[in-house]
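Residue-level listing of the chains:
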Amino acid sequence: MAKQAKNNRNVAPFLLILALSIGLSCLVSGTSQYAGSASETGLRRVILFSLDSCNPEYFSAGYLPHLNEFIVSRGFKFKVANTILSSETQAGHTTMLTGAFPNSTGMFGNGLFFEDTGVDTGLVLDPAYRWVPTIFESLHVTNPGVTTAFVSGKWRLGPLLAEDADIVLTSPRSKIPIPRDYEALVGTPVTYMDGDLMDAWVFNALLQVIKKDDPNFVFVNLAQIDWVHHGTGAFNANMDRCLREVDALFASFFEEMRFMGKLDSTLFVFTADHGHDTIRDTFHINEFLEANNITAAMHVEGESAYLWLENIGQKATLLSLLNADPKVAFAIGREDYALYNLDAPRNRTGDVFISCNEGVLIANLPHMNPTMTGSHGGISARDVPMGWVGPACGITRIGYDYEHAVPHIADIVPTIYHLANWTVPATIDGSDLTSLITGPAT
Amino acid sequence: MTETQSIAQSKAKSSPKEAVKEFIKAFWLAVKDPAVLLRQPARSPWLDLATVLVAGAVFLASTVLLGGSVYATLYYYKTTFLPEMLLGGQLFGFIIPPGNIAAVFIDGLLSCVKEWLLFSVIIYIFSRITRDDVNFHVVARVVSICIAPLAVYSAILLPASFVVMLFAPSVYNYVFLLGMIFLVLATGIRNFVVCTRAGKPGISIRKAMLLYLAAVFLLYLIFTINHYEHFGGVLI
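If you read the protein sequences in the order shown, they are chains F and C. Per the numbering used here, the first sequence runs over residues 1 to 442. Per the numbering used here, the second sequence runs over residues 1 to 236.
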């Protein structure tokens with residue numbers, strides 16, 4: 001008994017210390033919510049977030065609670081938005097940052113195949129393949145005083161899209177060096193998987209950009225969801241943890257913006273370049289063509305493909321065979337390409353476009369990673385989330401999960417131009433969403 | 001009167017100035033020769049707490065002074081470490097903005113205390129499993145002695161990192177962070193082995209090291225599960 005009492009006395013001060021440290025922790029973090037700078041007024045900056053590979057359902061309380069609460073309590077959320085076909089990173093971001101559809105940008109996937117020369121570009125990194133200017137280039141021409149920044153977790157976006165951004169912070173694999181005056185602030189990033197960066201580095205880089213140069217337009221790509229998707233599929237315990245981590249990063253970012261007094265003077269746009277599926281089947285297109293005695297050159301983009309037929313007379317037969325296949329969502333000929341903004345010269349988009357069903361990967365992709373369990377590229381990954389928050393821009397339709405309109409990611413740039421009162425360039429295809437998101441609250 | 005009683009009496013009579021002097025002496029002894037410190041009579045747990053707080057304060061002050069990516073890394077890993085999330089304001093939805101340096105500093109200091117106690121509890125449980133008759137106070141004291149070198153290494157690495165910053169600003173963060181990991185881990189093992197054997201001479205070096213490494217491994221496991229995507233993205 002005496003020994004027991006002595007042991008209790010031994011532990012009591014430590015329990016007291018633990019209780020005090022937990023209590024004080026809560027107190028410090030609780031009271032810190034009310035400190036900070038005075039709020040700026042008017043619209044000072046636009047931040048466009050692309051959550052690479054984010055499905056629209058992730059913008060909800062169950063998956064990204066802090067981000068979802070931020071959008072629905074302060075701004076406007078569409079239930080679903082659309083990206084382009086093929087639903088791939090390079091083409092999706094090109095449309096997002098140009099406001100132009102693929103038939104104007106010349107980008108139809110991650111890579112391009114030129115049937116006349118037989119050249120396959122692999123990942124398109126050279127901006128010469130792009131036909132229209134990005135928002136970074138346009139702003140220099142139409143609004144010379146506006147400053148821009150490009151912060152990307154995906155290494156391969158910088159070479160294609162960031163040429164004219166004033167500040168570029170991205171992976172060393174892109175061969176774009178970290179600006180000298182940012183080296184000490186962000187450090188050399190550690191790269192993961194394909195050379196992409198973790199979102200924690202990206203958020204720190206974003207905050208440093210805002211604190212140091214505070215540009216008027218910032219594009220941010222978050223790559224973490226995409227690499228977990230490719231590694232583990234559309235939704236599982238891994239993705240759950242990944243989303244919670246991304247959500248925590250958003251939460252601390254918003255708190256920091258509030259602390260700096262910059263939250264209300266910023267227009268935030270949240271979207272994605274494409275969605276994602278779990279691979280559950282494969283479509284062996286080579287075997288399919290051989291079995292039907294059809295010869296064609298092809299370019300595969302995950303769950304979709306472009307075909308160049310040797311004998312164009314076989315097109316009708318091929319289309320009917322493909323559309324009858326249970327693995328294929330749809331196949332269209334050039335005459336219907338305009339439906340999906342694919343009506344570009346034959347050299348880039350071929351004679352037939354195929355999109356497989358959800359989770360069906362076209363199997364002859366030469367560089368396909370055999371361990372990959374998630375993919376995109378087809379019509380099923382075309383749905384993406386979209387949210388707008390900007391009290392300084394009069395976004396009044398708060399709390400919506402709006403389902404009466406499905407915007408396109410090409411609509412983002414024209415809407416930003418309108419809300420920020422910048423001169424709109426002539427190369428834009430998308431529509432201005434201002435009337436939808438600033439309309440009277442009902 | 002035994003030697004222990006006389007030291008205790010002389011401590012009880014000492015002025016606050018002398019107490020601070022004694023504390024600094026004990027702190028330095030914890031870094032230089034922990035076995036000697038441990039052979040001295042048992043001291044109050046509040047002094048162990050003070051050791052942790054001083055070591056934590058010097059370490060945190062170094063990260064704040066270095067700023068940039070060192071500070072960002074500290075902030076990120078502190079706020080996403082599962083035990084910290086469960087023992088702090090985050091559990092109730094409070095998030096400290098990274099720019100609120102004072103709040104991050106105080107919260108970081110409190111985190112050091114929580115991690116000290118957590119680490120002590122883990123080692124205490126392991127010790128009970130291996131049937132070592134230790135009391136929690138001794139374990140907490142040994143762990144606080146292991147934490148003490150954090151202050152010295154921070155103080156050494158801080159100017160070194162500033163020098164590196166002049167020549168290679170993008171890698172100074174690695175110098176500081178990797179330096180801390182290697183030096184603290186190595187000294188931690190050495191101190192733990194020395195302290196454990198000083199407290200209980202019969203215990204083998206192998207067993208003392210195993211106890212320490214098992215506790216570090218458990219914390220690392222929690223960290224890895226929480227940040228699985230940094231290690232390739234696939235856990236299950």
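Quick caveat, the hints were computed from the structure, so don't treat them as lab data. Remember, predicted model here, so these are calculated numbers, not experimental data. Don't take each hint at face value.
What the hints assert, rightly or not - Here are a few chain C residues that face chain F, going by a calculated C-beta distance under 8 Å:
| # | residue |
| --- | --- |
| 1 | Leu82 |
| 2 | Pro83 |
| 3 | Ala103 |
| 4 | Val171 |
| 5 | Phe182 |
| 6 | Thr224 |
In this text, a Cβ means the ideal position worked out from N, Cα and C, and glycines have one as well.
Legend entry - Non-conforming hints, listed in increasing numerical order: Violated hints (numbers, rising): 1, 2, 5 and 6; every other hint is consistent with the structure.
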